[in-house]
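**Student:** Dock chains B and C against chain A, hints included.
Note that the protein sequences, when read in sequence, are chains A, B and C. Mapped onto this note's numbering, the consecutive letters of the first sequence carry residue numbers 1 to 440. Mapped onto this note's numbering, the consecutive letters of the second sequence carry residue numbers 1 to 440. Mapped onto this note's numbering, the consecutive letters of the third sequence carry residue numbers 1 to 440.
No wet-lab data here; the hints were simulated from the structure. Heads up, a few of these hints could be off.
Put simply, identical chains are the same to the list, so a pair is met inside one copy or across any two.
No farther apart than 20 Å at their CA atoms in a straight line, the calculated lysine to aspartate or glutamate pairs in the EDC-like style are these [to be verified]:
{"no.": "1", "residue 1": "K329", "residue 2": "D107"}
{"no.": "2", "residue 1": "K158", "residue 2": "D289"}
{"no.": "3", "residue 1": "K333", "residue 2": "E384"}
{"no.": "4", "residue 1": "K125", "residue 2": "D381"}
{"no.": "5", "residue 1": "K319", "residue 2": "D387"}
{"no.": "6", "residue 1": "K325", "residue 2": "D68"}
{"no.": "7", "residue 1": "K333", "residue 2": "E22"}
{"no.": "8", "residue 1": "K325", "residue 2": "E151"}
{"no.": "9", "residue 1": "K170", "residue 2": "E22"}
{"no.": "10", "residue 1": "K333", "residue 2": "E61"}
{"no.": "11", "residue 1": "K170", "residue 2": "E137"}
{"no.": "12", "residue 1": "K329", "residue 2": "D51"}
{"no.": "13", "residue 1": "K319", "residue 2": "D289"}
{"no.": "14", "residue 1": "K333", "residue 2": "D381"}
{"no.": "15", "residue 1": "K158", "residue 2": "E22"}
{"no.": "16", "residue 1": "K125", "residue 2": "D107"}
{"no.": "17", "residue 1": "K170", "residue 2": "E226"}
{"no.": "18", "residue 1": "K319", "residue 2": "E336"}
{"no.": "19", "residue 1": "K329", "residue 2": "D68"}
{"no.": "20", "residue 1": "K333", "residue 2": "D317"}
{"no.": "21", "residue 1": "K158", "residue 2": "E61"}
{"no.": "22", "residue 1": "K125", "residue 2": "E359"}
{"no.": "23", "residue 1": "K170", "residue 2": "D95"}
Being a predicted model, the structure only gives us computed values, none of them experimental.
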Amino acid sequence: MSDVRIASAARAQSSYQQLLDELPRTGPGTRGGEMLRRYWHPVCLSANLQDIPIAVRMLCEDLVVFRDGNGRAGLLGIRCPHRLASLEYGQIRADGLMCSYHGWKYDVQGRCIDTPLEPCDSKVKENIRHLWYPVQEWGGVVWTYMGPEKESPPPLPKIDVLARDDGVVKLADGDIRNYNYLNWLENFADMGHATILHGLVVRDIPDELKPYNDYTIKNYSPLPLEHVETDFGMKTVAVLDTGDPQVKFVNTWSLVVPVHWRFSGIRSGFPPDFTDERQEGGGMIRIIDDTHFELLRYSLTRKGNFTGGWLFGLPKDLKGTAEEKPNDKRRYKGWEGIPALEDLVLQESQGEIPDRRLEHLATSDRGVIMLRRIWHKAMADVAEGRDPKAVWREAQPMLEVDTYHGHVHVNELKIGPANMPSSRHGAGLIRDKDGKLVFA
Amino acid sequence: MSDVRIASAARAQSSYQQLLDELPRTGPGTRGGEMLRRYWHPVCLSANLQDIPIAVRMLCEDLVVFRDGNGRAGLLGIRCPHRLASLEYGQIRADGLMCSYHGWKYDVQGRCIDTPLEPCDSKVKENIRHLWYPVQEWGGVVWTYMGPEKESPPPLPKIDVLARDDGVVKLADGDIRNYNYLNWLENFADMGHATILHGLVVRDIPDELKPYNDYTIKNYSPLPLEHVETDFGMKTVAVLDTGDPQVKFVNTWSLVVPVHWRFSGIRSGFPPDFTDERQEGGGMIRIIDDTHFELLRYSLTRKGNFTGGWLFGLPKDLKGTAEEKPNDKRRYKGWEGIPALEDLVLQESQGEIPDRRLEHLATSDRGVIMLRRIWHKAMADVAEGRDPKAVWREAQPMLEVDTYHGHVHVNELKIGPANMPSSRHGAGLIRDKDGKLVFA
Amino acid sequence: MSDVRIASAARAQSSYQQLLDELPRTGPGTRGGEMLRRYWHPVCLSANLQDIPIAVRMLCEDLVVFRDGNGRAGLLGIRCPHRLASLEYGQIRADGLMCSYHGWKYDVQGRCIDTPLEPCDSKVKENIRHLWYPVQEWGGVVWTYMGPEKESPPPLPKIDVLARDDGVVKLADGDIRNYNYLNWLENFADMGHATILHGLVVRDIPDELKPYNDYTIKNYSPLPLEHVETDFGMKTVAVLDTGDPQVKFVNTWSLVVPVHWRFSGIRSGFPPDFTDERQEGGGMIRIIDDTHFELLRYSLTRKGNFTGGWLFGLPKDLKGTAEEKPNDKRRYKGWEGIPALEDLVLQESQGEIPDRRLEHLATSDRGVIMLRRIWHKAMADVAEGRDPKAVWREAQPMLEVDTYHGHVHVNELKIGPANMPSSRHGAGLIRDKDGKLVFA
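Just chain A, same shape as in the assembly:
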């Protein structure tokens, strides 16, 4: 190589190292954190926000979320600006949250509305504006926007599944992880791992599904995966043979920048779906800080849906189905056999923030590479003053995330950004084997 080429390669290398360092950051002032602050984030479930303030750490900031006596939710800096007592121990009042120490009271927009120990004519209230972030409640979730347009933020994108009324929607919180949120997202962008990790224990599969199981699991063959960038993020598509050369079985996993995921199907694409029994699975990540996050999962169960199948979330005792041996001294013993636990164990094992400079990526990491490119572009967009991917400014955006799971005639099958973009506009959705447009 010429010196010029070497220097250019060194710059590219160094630029990639810099990207690896910036990617997992979530705090204010970091490239990662500034990008994240252009989106709405889940704070907690509405049902859990009652008559006690709750300390929440969001994107490295210590905040308190509360519901005032009139039912309005608010999100404020956790320390009272007077003498720094924690508003986690504040008192709910009709019009705001009162610090228990000296009675200073704040409304949901951080305005100081009472200072009872000050003289009647005191103007001190007028000089205080406490840290606040706008909050909206929708779909059973309290959402916030922590970015520069907080006085007039872009509209909250609604989540299609949470808007459904043709089935039962369930929401679950409380699954808190002690590592960076990108360990989780990269796992999701990398569906190739399913063949190995989730195939370690060969499960009891109904006879009619065995061929599909055998095809991938028993031979540890890679799934035929395609990764497609969409206008909401990216999706991974698997197209499997069915025996009938005119019909394929398609499964999809989708990520919406920066914290949403969706997969469909009880068995995430391994078995075909001969019936309309289908369970939409998905959720979103509450990013706590660089090394902690919480998973908020949801599911939609419609009439006739298969109700058995894989566990929704982690088993409470964090035990898998593998035998727990007496000589096993690891943190997780007998952990194999339950996919959500398998993912937890491997993601956590990568380290709080993996030192990605030590990686050796290969072809199976195409999804991970796509994710990083999307994050890189979003960070650059924000740094240069542009809206990043998946920030929409029209009223009432609805995130319709296509995660098709079913049979497709080969002449209907088209995979690519042009015909499988975001389903927000209803365009490009894959049709089912009867030619019917599939919703999600």
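**Tutor:** Positioned in the frame of chain A, the structure of chains B and C alone reads:
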């Protein structure tokens, strides 16, 4: 503003920021720590110093306190100067403390008095002088002086309450906090908080006291407080109406630089005291390091004293009287209703060392500001070689801390440094409604 | 002193301070750690290495030890070089260890032998060589060499006791300490402490042994100890009177650089050994990092050996025989009375890494000083490219560590490097009272 004025304001601002950083420091070589080292500090209760050495951290220094076989208390550096084994595991001997490792023995003044594994004619003992601090026992407390005059320290100030023999004195230790001692002292210098914080739960008050309770608590009105600098520190005085325009009800809270506090009255001044039933409450702080301290409380109960009333110290289970709700996930649940616990929760919530640059002080913080001025002056005095406030060099000083609690005729009522100074000289004490001089 | 002499003394002082800082270091790139990497180290007991990989930290490096399906032990870097998942959760396969995440598989020499998600013609395997260290199993122990000659390391020195077949050899692991390994070794090089520390509780000794016990323990007299540098490390020899001026009782404690120790005799030399009942005690240190190590102990019990006596290792409840008093709030209460626990308490009390610049060494520290000189020399040898002490390059070295414990005629008694060197060559061993050469 002119450039000169701006520069001057910036210097003042910067000087105040520097003060805020220095105030909470307790270690050797810090301005705060050097000031603290001019005073006697409590180490432990005499009753707890028996036949086992006790590791004690004092002002960021790791020490061991012990009582030799002859009954003398000593305070030494915790690590044996020979090979650094901890003297916490040393053996009590008649004339000192023996390191369990090689038998080197030290007397209460750090002199090495035995090295049994060395040859009979060894001079090694003579070259060793282990770190030691002078210790005195008085009033049930082991005291030490850790300053530059340790060979001939200023006399130990006695504490009036602990010298009393007309009632029962109780001493209690073991209340260790995980935050800076100034969080506690500033809370005490700021009695305005009582109306809000200790009024969150309206308690069951005897009928005859209700008016006083209603006046302050139910309306969250600020108490009429005056703050007075004294020659021992500062005090806060509340003068309340009684209904009789010729008679006021007076309550006092006092701080003695740097670790003593006193309040009188079972109910700390809220209700009037129609009888002689009175309970002196007070104590002192054992400063462990920048983020830990221990409260040593005492009380004097005399004949006829009201024996109910507020709790002395923290409830063992750290539970208040408020209902504990199932959705309360905070560290302290149902914490409201017991003043000592209310104070703990709010003080701890300010942070291990509060970032005071984020404060917004107001008129209710006059007491806190006075405290900081006194600390500032004491640190400056020490830095410039002068004795700080409340270091006395006469023999046998007695800290008579006036904390009057009772009725006063308006023509007797004078509040100010001139007539309400330290009561060490018996001067300036407020008289009761019969004109009798009130002790404390 | 002249200026030149002062400057020279300052340099010597500064050079000693530097040595004290370097001595306890164990990580790669440190002088201490580079020296340690010239030796074979124990990793775990063979019996414990079964069908589950075990995370092991060795000399500050995070590794995984495993046994493949063909029975070969391997030691690899803990993180899979693909995407950094922990191989602690890998799967044992016949020919190596498979990462559970994407199935990449490594043999015991770090070669990547499978990448099942990559295309059949992928060359990615060939570009991966994972961190590995050579492993040998011998004597019930898995050993490794982590130095620069890992492709062709010097031969593993065998341990005489572990090769014995004339008695029962027991191995015990699991005693993990939270401080630097040199706290332990310096304790062993300093047998003078036995008189004080292990004499704190006077034990119930059989009548015929009382004189020896009384001589040393009851008077806290120093043992008559000699320290001798050997070609394997150093040994400490005690020569005690027996009453017969022609016969001495000799006891020996030996250290082999850098992690082996040996002592003989149930009672470590205090009582004489009138019979052939003898128990070889010894072991080795697994150095985890600068502040953690594990003790791997072994013993050889031969026919007729005394089976009572002192405990082998720590009592499980970490309680001594001394009364546990209610006012004892220390971490170890009533700790006196069991030597292994006494040693633990005092070693731990010196601090994770003692600040040796604060020491005051005396004549009883001759053994400690010898140990430091040996370490200093070994570190300098390694830094200058020479083999340090106790690295042998001949085939099949056997570490025959002379730890004689018994009676000697005065005319047989010679102590010194010339006639009590390493017993690897069978030379210089002390004879017993019948003139018979004593093995170990």
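**Student:** Each hint should be assessed against the structure and marked as holding or not.
**Tutor:** Against the structure, the hints:
When the C-alpha separation of K329 and D107 is checked against a cutoff of 20 Å, the pair qualifies neither within a copy, at 51 Å, nor between copies, at 23 Å. With identical chains, the CA atoms of K158 and D289 are never at most 20 Å apart, being 24 Å at best within one copy and 51 Å at best between copies. In the homo-oligomer, the alpha carbons of K333 and E384 never lie at most 20 Å apart, since the shortest distance is 48 Å inside one protomer and 47 Å across protomers. For the homomeric pair K125 and D381, neither the shortest alpha-carbon distance inside one copy (39 Å) nor that between copies (37 Å) is at most 20 Å.
Within a single copy, K319 and D387 get their C-alpha atoms no closer than 43 Å, and across copies no closer than 50 Å, so neither meets the 20 Å cut-off. In the homo-oligomer, the alpha carbons of K325 and D68 lie at most 20 Å apart only across protomers (17 Å), although the nearest pairing inside one protomer, at 52 Å, exceeds that limit. In the homo-oligomer, the alpha carbons of K333 and E22 never lie at most 20 Å apart, since the shortest distance is 34 Å inside one protomer and 39 Å across protomers. Proximity of K325 to E151 under the C-alpha cut-off of 20 Å is found in neither arrangement, the shortest distances being 57 Å within a copy and 35 Å between copies.
Taking CA atoms no more than 20 Å apart as the test, K170 paired with E22 passes in neither setting, with 35 Å inside one copy and 53 Å between copies. Taking the closest pair of Cα atoms, K333 and E61 never come within 20 Å of each other, the shortest separation being 35 Å inside a single copy and 23 Å across copies. With identical chains, the CA atoms of K170 and E137 are at most 20 Å apart within one copy only, with a shortest distance of 16 Å there and 55 Å across copies. Taking the shortest Cα distances, K329 and D51 sit within 20 Å of each other only across copies (12 Å), while inside one copy they are farther apart (43 Å).
Neither within a single protomer nor between protomers do K319 and D289 lie at most 20 Å apart by alpha-carbon distance, with minima of 27 Å and 31 Å respectively. Proximity of K333 to D381 under the C-alpha cut-off of 20 Å is found in neither arrangement, the shortest distances being 44 Å within a copy and 45 Å between copies. Taking the shortest alpha-carbon separations for K158 and E22, neither the intra-copy value of 29 Å nor the inter-copy value of 50 Å comes in at or below 20 Å. When the C-alpha separation of K125 and D107 is checked against a cutoff of 20 Å, the pair qualifies only within one copy, where the shortest distance is 12 Å, while the shortest distance between copies is 61 Å.
Proximity of K170 to E226 under the C-alpha cut-off of 20 Å is found in neither arrangement, the shortest distances being 30 Å within a copy and 58 Å between copies. Proximity of K319 and E336 under a CA criterion of 20 Å is satisfied intra-copy only: 8 Å inside one chain copy versus 39 Å between copies. Proximity of K329 to D68 under the C-alpha cut-off of 20 Å is restricted to the inter-copy arrangement: shortest distance 18 Å between copies versus 48 Å within a copy. With identical chains, the CA atoms of K333 and D317 are at most 20 Å apart within one copy only, with a shortest distance of 11 Å there and 26 Å across copies.
Taking the closest pair of Cα atoms, K158 and E61 never come within 20 Å of each other, the shortest separation being 25 Å inside a single copy and 48 Å across copies. For the homomeric pair K125 and E359, the shortest alpha-carbon distance between copies (14 Å) is at most 20 Å, but the shortest distance inside one copy (54 Å) is not. In the homo-oligomer, the alpha carbons of K170 and D95 never lie at most 20 Å apart, since the shortest distance is 31 Å inside one protomer and 46 Å across protomers.
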